[in-house]
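S.K.: Each position in the sequence shown, counted from 1, maps to that position plus 466 in my numbering.
All clues stand as given, with none of them false.
DSSO-like, lysine-lysine: derived pairs with alpha carbons at most 27 Å apart:
(1) Lys554 - Lys646
(2) Lys478 - Lys522
(3) Lys645 - Lys658
(4) Lys565 - Lys623
(5) Lys554 - Lys659
Beta-carbon label-pair distances, calculated as ranges:
(6) Glu551 - Lys478: 39 to 45 Å
(7) Leu617 - Asp529: 38 to 44 Å
(8) Asn694 - Asn726: 32 to 38 Å
(9) Lys565 - Gly713: 22 to 28 Å
(10) Gly685 - Lys618: 41 to 47 Å
(11) Arg708 - Ile671: 17 to 23 Å
Calculated from the structure, these hints are not laboratory results. Even glycine gets a Cβ: it sits at the ideal position worked out from N, Cα and C.
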Amino acid sequence: MRQLIEITGLNKNPENILTSENIGFQLAPRINAAGRMQHANTAYQLLIASDATEAKELARELDANNKERQKITEKMTKEAREIIEQEKQKDAPILFALKDGWPLGLVGLVASRLCDKFYRPVLVMTKKGDTIHGSGRSIDEINIIEKLEKLKKYFEKFGGHPQACGFTLSDAKQLENFKKDLIALMAKDAAKKDLTPTLTIDAEINLEEINWELYDYLGKFEPFGQDNPMPRYLGKNLTIARVDAMGANCQHLKLLIKHNNGMTHKMIGFGFGD
467 MRQLIEITGL NKNPENILTS ENIGFQLAPR INAAGRMQHA NTAYQLLIAS DATEAKELAR
527 ELDANNKERQ KITEKMTKEA REIIEQEKQK DAPILFALKD GWPLGLVGLV ASRLCDKFYR
587 PVLVMTKKGD TIHGSGRSID EINIIEKLEK LKKYFEKFGG HPQACGFTLS DAKQLENFKK
647 DLIALMAKDA AKKDLTPTLT IDAEINLEEI NWELYDYLGK FEPFGQDNPM PRYLGKNLTI
707 ARVDAMGANC QHLKLLIKHN NGMTHKMIGF GFGD
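Please model the complete structure; the sequences and the hints are all you need to start from.
M.R.: And the structure:
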């Protein structure tokens, strides 16, 4: 792990502390990229390596895999969005995207991004030969695996939990019938619920309170995750004084925020450039 930490630059942290964000967004994606792009054995070999030179080469390979994974995922997400928009699906109770040859290991990542983007359950599928494989992501209000259970006649295999699923259709020719039946189930469920995206705010905050002291204090509540989310603060009477795009694909934003009392604060919105 030391070599992977160096590859990501996390070893330059003066406090030598890894946060849940470091693990979730920098280390884990590189480890997972092995199985998504080639074979998980590369990650396994790194974790058991006792030779520093071997570990360094494996860490470099994982880093390269992750960069390729990011590139392909961006391309797939763009293609899937175009499919959804061209087919005018955006207001449907569930969204579908299918393309021949999409890497199976990445369809779940794309489904997750689109689910966040449209706030609708999403199935992203790939076709290889006569076989259709898919992965789905859902919102809190909709139990997606419950719906698939009712349509198990269509599957060679499937599994998952309320917010995520994976499946293989037993007959690709039944795709349209499957979609039709799933849309009907989703529409019936969605009609009973308010699917408007909401944000839970933990507290209000002033610009002068956003500082390193607050950052260090919040660090005491680590690790953050599914059952212990990072606090979400609300700032009022703010305007965006300046916006600059960042990143290779302009996917991030650098912001200058201004309060009506004249105070300004620089911020970065990761993934906000979409």
